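Asker: Okay, here's what each chain looks like letter by letter:
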Amino acid sequence: MFYPFYNGAKGERNKLMEINNNQLLRFTTAGSVDDGKSTLIGRLLFDSKSIFEDQLDAVSNTSKKKGYDGVDLALFTDGLKDEREQGITIDVAYRYFTTPKRKFIIADTPGHIQYTRNMVTGASTANAAVILIDARHGVIEQTKRHSFIASLLNIPHLIVCINKMDLVGFSEDVYNKIINQFEEFSSKLLMKDVRFIPISALLGDNVVNRSKNMDWYQEGTLLSTLETLHISSDINKIDARFPVQTVLRPQSKVYRDYRGYAGRVASGIYRIQDEVAVLPSGFTSRIKSINSGEQEVEEAYAPMSISMTLEDDIDISRGDMIVKKNNQPEMAQEFDVMLCWLNNDSAKPRAKYKIIHTSKEERAIIKEVVYKMDINLFERDSEDKNLDMNDIARVKIRTTRRLMLDTYRDNRNTGSIILIDENTNETVAAGMVI
Amino acid sequence: MDSFRRSLKYNIMSKYYLNYLDELESEAIYILREVWAQFENPVILFSGGKDSILVTHLAKKAFHPATIPFALMHVDTGHNFPETIKFRDDLVKNLDVKLIVGSVQDSIDNGRVAEERGKNATRNALQITTLLDAIESNKVDCAIGGGRRDEEKARAKERFFSHRDDFGQWDPKNQRPELWNLLNGSHFSGEHFRAFPISNWTEMDVWNYIKRENISIPSLYFAHEREVVFRSNSWIPVSEFLKLEEGENVERKKIRFRTLGDITITGGIESEADTLAKIVQEVSAMRKTERGDRSDDKRSETAMEDRKKLGYF
Ligand SMILES: Nc1nc2c(ncn2[C@@H]2O[C@H](COP(=O)(O)OP(=O)(O)O)[C@@H](O)[C@H]2O)c(=O)[nH]1
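Residue numbers (this note's numbering), protein chains in the order written: chain A, 687 to 1120; chain B, 236 to 548.
This is chain B alone, in the form it adopts within the complex (with noise of 0.2 Å):
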């Protein structure tokens, strides 16, 4: 190359970039691409929480003006939130995509898990028997997730593409490297992946991104009035599976939930945040103590945490 047109490639042309944004779009994008031209049949693993709201977003971009290319996978507890679930019934309709709802009830029924007992028993745990099952009898060779590596500590060095052995299993030692973008999909039959096209999102990332696109999330996550129980330091909504307690009152409260998970568990915070702007503001001013004052019976509001750990995501 002659020094003119080095000069060139190097100095005019610098007007030319993405804002971090822009660039984490493209990337997601990128992969939720590679996904579809790597695997037969994958599925994105829809919670109805903001993350897998994200993703399904990208997807719909990815894919313009074709429609989502892939089945959204719901693991259901039996335990919702009536706005989770319509909320998802609306997407799904919207975006003409197919849905696949694995049931932890109807695991419970033919007997492959055992519901939890005692006082703070969840479906958490079942969950991840329900996603194998629903993995392995619908052929599902992908299943796109919307982790993040910022999430947690072992999560710092998960792959886009991350490979699951016959039974489903995580195994960090017997990862591939990733270099450039260059993802390696090969994978034999009976083996699955999970892919996270978020992996680089940080949570203000995320909060940034759904204000910027105007992307619709559940009502739960605006803070409105609402009927709730104190427990374990956070507001647990009032519902058909909830049983009070000896000296538990119901209150009115005006909260919000931040994460949304089995609606027996999912505590509320008490807030005033009723647009994405006002959200965006309190989770950059609440991350100071966010995980500060999480006490170890807590396990409401890192419910969605705890359940990627033992592999739902």
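Isolated chain A (complex conformation) (with noise of 0.2 Å):
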């Protein structure tokens, strides 16, 4: 049985950066039971020096409680362990940590029963999915769940972690075979971005440091290829949407008369004097000027916070969308959606639901089911219309006003809804406009 290095030098932690232009990059980790994900995820954070002393010391402490010669790497996430050992809330955790070259959120999702809910949860708003398999079984069903739903929610890069490849000697072999199975299923997904990394997340080869064992692979570890990602264009930078959420009107003299109406840029770029088109009344003016907090600024780009103000008089409210004149999304009152169903109510046929779309609030109801989804044969069942918990399926749905609508797979932010029960208030379902 191997164990963790822990060779008594205490991990001193990263000298924090000081201001700088990093970036930040959220990822979400799926993984089937035992693959290895906290034995993961802790020595992440353990090689890149994220652990403080005394959470180390408390780990130790565990540790050699339970019988471990080292460090158990899984304890410091044992918070949602424990959980799922006693098989109850089961939930997204978030983590940080920081390296010299970016800033990271990682959305830990314990995976099993309410699975597909906390995955597509986690998903929604990361840069990038990292999958495990454990080498000794290649890919499983579970694989082919996770990867559906990180092509499903459109997740930009995806990152196939082999391993556990100490148990299959470190085998190149093995590693082949494993992209292979992977690839004749993935084929099926959109997905654009892919790698494959051989690691030992107990051992900890390729997970930060490089591995002695598998000179064959002359790639990145799982780090650096996180920290280099391309992501600044995960963001779509063409199709400008800006969604109302509150308009400023300062009581006080010397703004007398000014609008300013705020909100975060969807997607694309605006720049003062652009001419945009105020959705859904369709008016059209100049942009007069944009600020940033206090500062005025000559563009703004997602996902920046800004307010702007308009060249002409226009009645404008929260739940509109300002649009460039000659790039508008599609309006729309019916439309199909990808929709994951999350909670443990089951959809009502042709119930009302509140919808929520960027910043409008609407109501709807699911006119139709089109078809479910069977995740882990990738196929169609157009027979079962129920829609109960983690099912996801094709609806159509039709809401009392027009929705200003982009496909999500073009737009993240403006193809995405949620759906709430007015009797519980609770949010039920997350849909992707098609």
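Honestly, the hints are just simulated from the structure, not real lab data. Treat the hints loosely; a few may be bogus.
In silico DSSO-like pairs for lysine-lysine, Cα to Cα no more than 30 Å straight-line [as the list claims (entries may be wrong)]:
(1) K392/B with K735/A
(2) K974/A with K250/B
(3) K1010/A with K295/B
(4) K392/B with K750/A
(5) K250/B with K1010/A
(6) K295/B with K478/B
(7) K1040/A with K374/B
(8) K863/A with K874/A
(9) K392/B with K751/A
(10) K446/B with K735/A
(11) K752/A with K392/B
(12) K446/B with K1040/A
(13) K250/B with K1011/A
(14) K830/A with K392/B
(15) K974/A with K1010/A
(16) K787/A with K392/B
(17) K1046/A with K1071/A
(18) K374/B with K321/B
(19) K328/B with K446/B
(20) K333/B with K939/A
(21) K787/A with K250/B
(22) K333/B with K321/B
(23) K1046/A with K392/B
(24) K295/B with K1046/A
(25) K513/B with K735/A
(26) K1040/A with K1053/A
(27) K735/A with K750/A
(28) K295/B with K939/A
(29) K250/B with K878/A
Covered stretches of chain A (in silico footprint by chain B; criterion: 3 or more residues with CB under 8 Å from a CB of chain B, positions within the stretch not fixed) [to be verified]:
(30) 941-952
(31) 989-1000
(32) 1098-1105
Facing chain A, from chain B, some residues (calculated, C-beta under 10 Å) [to be verified]:
(33) I264
(34) F457
(35) F476
All figures in this text were calculated on a predicted structure; none of them were measured in a lab. By construction, the Cβ of each residue, glycine as well, lies at the ideal position given by its N, Cα and C atoms.
Join the two chains into one complex using the hints; note that each chain is given alone, in its own frame.
Answerer: What follows is the structure in structure tokens.
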């Protein structure tokens, strides 16, 4: 039995960097139980020197009590683990670490029963998904599910870690076979950027430090891959969309007649004097000024929170969208979405839900379940029309008023919706516009 | 989309991105504006500590040039650093916002709570009742806090919009999933929410941002000379509330405070950090042992944290 080495030298914590231009990368982790997800996260935190001394001491003690020689890295995320063992709350937990190159947010989703719901939640904001495969078992059902969800949620980057390479003699053959298995089924999925890394989370090979046991693998370690993924273009920079969150109307005399439209740029770039259209009314105007906080700026782009003023006096309120005159989203009252059901209460046929799309709130009904996805087989089931927890289905939705929509593939921010049960106020479903 | 547009989309415009502090700022502003849009009567929970000062600073940006549309709510233990109160009052005046004070002393006088007894008695636990009373009597439907997910394990799963029941309690099992940037603040009357705009910030992010924006914080955070007593492994400031125990001596030391709370139990550390730059440096070096040498009785240094667990933030 191997144990990770903790050779007494307490990892000196990273010298955290000063202000700089580092980016933020959000990623989610997925793997079936025992593939080594907790160990991997622990290894990432430990080898990137993100663990506090006291955390280390606590975990060392517990490890000792459990009969480990060194540190059981999985214990760094034990909050969720306990729950998993007891089979209670399944949820998404967020963890943070910083290297001299980037700040990272991990959406850690423990996997089993409510897995789909959790992974969808964690994946919704992720730039990257890290999927684990046990080298001894190769691609299994769970791998397919996770990959399917990653592709459904349009996560821009997928990193497949073949773990426990130490248990298969660090064999290049095994690694290549698993890549082949993966590519065989994943050709059916839409994914832009898929990478494979052979690792041993337990021993640390290719997680933060390069493996000495696999010189046949020449590409980056997991951390260096996460540090260098090109994420600036993950956000759509072409189709300018600005959902108005609220209107700023200062009471002071200096700002009489001032109307600032506040919101977060969902996609694209806005510049002063751009010709814009306000939806749904369709009135057009030009951008007079753009503010980022107290500062006036020339241009604004996603995901900046800004406020803008227009040359003309137009009636604009929360839920409206300011777009470029020559590039407008579709306005529709009836549309198809891939819906993931998140609640214990199943969907009620033709029941009304509250729908939220960008800053707009309307009411909606699910007109029809077109088909359900069997996410293990990647097959459609047009017979079963029930929507239960964790189900994914293509449905037709009708709303009380038109929404300004893009497809989810083109635009994550303007192509996503949630449904809220008006009796409980709970978020019961998440949908991606097709 | 034709392939030309696609390649444009993925290649050309990559200079347009935010650095991580700008992205955190933008996210927090977005959340503050959602709070304003989705609730009737939100307040900022203001403790006088750096996190709530940061939230207030972000709110100012979010609504500029309008004034901050939220009142500041301070739960006052009555055992304050005079500096904190002065800082609070100056800030309120500067920003032209309303201040709501919930007084623990009043809660004690009304018999809502009883003062703790004994050597390490504090008013920390008592604050929760005062807070919930203040929320109810002011008909607050959303209280904005400076809680961060990196503070402790339980908080790692906290939502941006955190639902509380009629009794103001947090049920981690009954929280709504949050997808994309779509925040669900739907609530029935009587219920209230907590909102956490700086959930994704770490302690280091907070200090780096305070330094970058040159946000003013109480002088107590900077190294200064002060009369103190060594107790429970840290330097407790001399105040009208402090009763010297046997064997304790008043000393003059150059210290600063890392968290600000009840003056009777907030311990300082010896430090030379008297500028934001030096504090940032000190905090990043200190993180190595910050919690490491915390002994059980270091109630003082963790005062703020413990309070948060119990529901203050
Ligand atoms: N030999 C070996 N064992 C591993 C590796 N990664 C994880 N394990 C072990 O696999 C078991 C499950 O790991 P854990 O991280 O708890 O899996 P999780 O359920 O996916 O979080 C534990 O006994 C780990 O020590 C690895 O790379 N090599």
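Asker: If a hint holds in the structure, say so; if it doesn't, say that too.
Answerer: Going down the list of hints, with the structure as the test:
1. Under the criterion of a C-alpha separation no larger than 30 Å, the hint pairing K392/B with K735/A is consistent with the structure, at around 23 Å.
2. Taking the CA atoms of K974/A and K250/B, the gap is near 24 Å; set against the 30 Å cutoff, the hint holds.
3. Between the alpha carbons of K1010/A and K295/B the distance comes to roughly 29 Å, so the proposed pair stays at or under 30 Å and holds.
4. Our distance criterion of 30 Å between C-alpha atoms is met by K392/B and K750/A, whose separation comes to about 28 Å.
5. Our distance criterion of 30 Å between C-alpha atoms is met by K250/B and K1010/A, whose separation comes to about 21 Å.
6. Between K295/B and K478/B the CA atoms are separated by roughly 40 Å; this puts the pair beyond 30 Å, and the hint is violated.
7. For the suggested pair K1040/A and K374/B, the alpha carbons sit about 25 Å apart, so the restraint of at most 30 Å is met.
8. At most 30 Å may separate the alpha-carbon atoms for a hinted pair to count; K863/A and K874/A meet this at roughly 18 Å.
9. A C-alpha spacing of about 27 Å is found between K392/B and K751/A, which places the hinted pair at or below 30 Å, so the restraint holds.
10. The suggested pairing of K446/B with K735/A holds, with an alpha-carbon distance near 24 Å, which does not exceed 30 Å.
11. For the suggested pair K752/A and K392/B, the alpha carbons sit about 27 Å apart, so the restraint of at most 30 Å is met.
12. Taking the CA atoms of K446/B and K1040/A, the gap is about 42 Å. The hint is violated against a cut of 30 Å.
13. For the given pair, K250/B sits about 24 Å from K1011/A by alpha-carbon distance, which is consistent with the 30 Å threshold.
14. Simply put, K830/A and K392/B have alpha-carbon atoms about 27 Å apart, close enough for the 30 Å limit, and the pair holds.
15. Taken as a hint, the K974/A and K1010/A pair is honoured in the structure, with Cα atoms around 14 Å apart against an allowance of 30 Å.
16. About 26 Å separates the Cα atoms of K787/A and K392/B, which keeps this hinted pair within 30 Å; it holds.
17. A C-alpha spacing of about 28 Å is found between K1046/A and K1071/A, which places the hinted pair at or below 30 Å, so the restraint holds.
18. Between K374/B and K321/B, the direct Cα distance comes to roughly 27 Å. Compliance with the 30 Å bound is thereby established for this hinted pair.
19. For the proposed pair K328/B and K446/B, the alpha carbon gap of about 23 Å is at most 30 Å, so the pair holds.
20. For the given pair, K333/B sits about 20 Å from K939/A by alpha-carbon distance, which is consistent with the 30 Å threshold.
21. Distance check on the hinted pair: K787/A and K250/B sit about 17 Å apart at the alpha-carbon level, within 30 Å; holds.
22. For the proposed pair K333/B and K321/B, the alpha carbon gap of about 15 Å is at most 30 Å, so the pair holds.
23. Straight-line distance between C-alpha atoms of K1046/A and K392/B comes to about 27 Å, which keeps the hinted pair within the 30 Å bound.
24. For the suggested pair K295/B and K1046/A, the alpha carbons sit about 24 Å apart, so the restraint of at most 30 Å is met.
25. Restraint check for K513/B and K735/A: satisfied, since their Cα atoms lie roughly 22 Å apart, inside the 30 Å limit.
26. Under the criterion of a C-alpha separation no larger than 30 Å, the hint pairing K1040/A with K1053/A is consistent with the structure, at around 14 Å.
27. A distance of roughly 21 Å separates the Cα atoms of K735/A and K750/A; the hinted pair therefore holds under the 30 Å criterion.
28. Among the hinted pairs, K295/B with K939/A is consistent with the structure: their alpha-carbon atoms are about 18 Å apart, no more than 30 Å.
29. This hinted pair checks out: K250/B and K878/A have alpha carbons roughly 21 Å apart, not beyond 30 Å.
30. Using a Cβ-Cβ cut-off of 8 Å, 6 residues of the stretch 941-952 of chain A lie near chain B, which meets the minimum of three, so the contact claim holds.
31. Remark: the stretch 989-1000 of chain A is confirmed as covered by chain B, as 4 of its residues place a Cβ nearer than 8 Å to a Cβ of that chain, reaching the required three.
32. By the rule of at least three residues with a Cβ nearer than 8 Å to a Cβ of chain B, the coverage given for the stretch 1098-1105 of chain A holds, with 5 such residues.
33. Because the smallest distance between the Cβ of I264/B and any Cβ of chain A comes to about 4 Å, under 10 Å, the interface hint for this residue holds.
34. Look at F457/B: its Cβ only gets to about 19 Å from chain A, farther than 10 Å, so that hint breaks.
35. About 30 Å separates the beta-carbon of F476/B from the nearest beta-carbon of chain A, more than 10 Å, and the hint is not met.
The structure shown violates the earlier hints numbered 6, 12, 34 and 35.
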